[in-house]
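**Student:** Sequence:
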Amino acid sequence: MDSLSAVALTAPTQAPNAPSSFNLEGSRIDFYPTHEHAGYRMRPGRALPFGATLVPSGINFSVFSSHATSCTLVLFDKGELEPKVEIPFPEEFRVGNVYAMIVFDLDPETLEYGYRMDGPFAAAEGHRFNTEKVLLDPY
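Residue 116 in the numbering used here is what sits at position 116 of the sequence shown, and the numbering runs on without skipping anything.
One or more hints might be untrue.
Pair ranges (Cβ atoms, derived) [to be verified]:
| id | residue 1 | residue 2 | range |
| --- | --- | --- | --- |
| 1 | Asp105 | Glu125 | 17 to 27 Å |
| 2 | Leu135 | Lys78 | 16 to 26 Å |
| 3 | Gly79 | Glu36 | 21 to 31 Å |
| 4 | Tyr32 | His127 | 15 to 25 Å |
| 5 | Phe64 | Ala124 | 16 to 26 Å |
| 6 | Asn130 | Phe50 | 15 to 25 Å |
| 7 | Leu54 | Ala122 | 29 to 39 Å |
Cut-off 20 Å, straight-line C-alpha distance, at most; resulting in silico cross-link-like pairs (SDA-like, lysine to any residue) [claimed, not checked]:
| id | residue 1 | residue 2 |
| --- | --- | --- |
| 8 | Lys78 | Arg43 |
| 9 | Lys84 | Thr110 |
| 10 | Lys133 | Phe76 |
In case anyone wonders, no lab produced these hints; they're calculated from the structure.
Model, not experiment: these values are computed from the prediction.
Every residue gets a Cβ at the ideal spot worked out from N, C-alpha and C, and that includes glycine.
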């Protein structure tokens, strides 16, 4: 008769291909980056609450627009007029009329942000989308 032996299973504390500073131990999987743009790590965010909300290791950005066709997050160093980076929301980060994205490793003390929204320009219907304009967060 064969003898059975117990096998100890342990979960990894470091995600594969993640920077050494990113440790999974004690972290929730929904705070793990899934995408990258211009050196910024991100993942789909949470729709609520709207606005910018601190989350573990990052900031959740969420904005609603019933007529926008795309949205870009525009990040500035505090007090600067030129953006440091513009991060388009991937289509899969949009759920219904809400664009939501977590961007990791941002310092909220040195950051300002806005959005560029694309969509129809039909003044008679109240639509004045213009991607040349950076919009303040309405929340």
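**Student:** Taking the hints in turn, state whether each one holds.
**Tutor:** Hint check:
Look at Asp105 against Glu125: about 40 Å separates their beta carbons, and that is not inside 17 to 27 Å. A hinted range of 16 to 26 Å for the beta carbons of Leu135 and Lys78 is consistent with their spacing of about 18 Å. A beta carbon spacing of about 27 Å between Gly79 and Glu36 agrees with the range 21 to 31 Å that was offered as a hint. For Tyr32 and His127, the hinted distance range of 15 to 25 Å is not satisfied, since their beta carbons lie about 37 Å from each other.
In this structure, Phe64 and Ala124 meet the distance hint of 16 to 26 Å, their C-beta atoms being roughly 23 Å apart. Separation of Asn130 from Phe50 is about 21 Å and conforms to the stated range, judged on CB atoms against 15 to 25 Å. Checked against the hint of 29 to 39 Å, the C-beta distance between Leu54 and Ala122 comes to roughly 37 Å, which is consistent with it. Distance hint between Lys78 and Arg43 is unfulfilled; the C-alpha atoms sit about 24 Å from each other, more than 20 Å.
With a CA separation close to 12 Å, the supplied pair Lys84 and Thr110 stays within the 20 Å bound. Among the hinted pairs, Lys133 with Phe76 is consistent with the structure: their alpha-carbon atoms are about 14 Å apart, no more than 20 Å.
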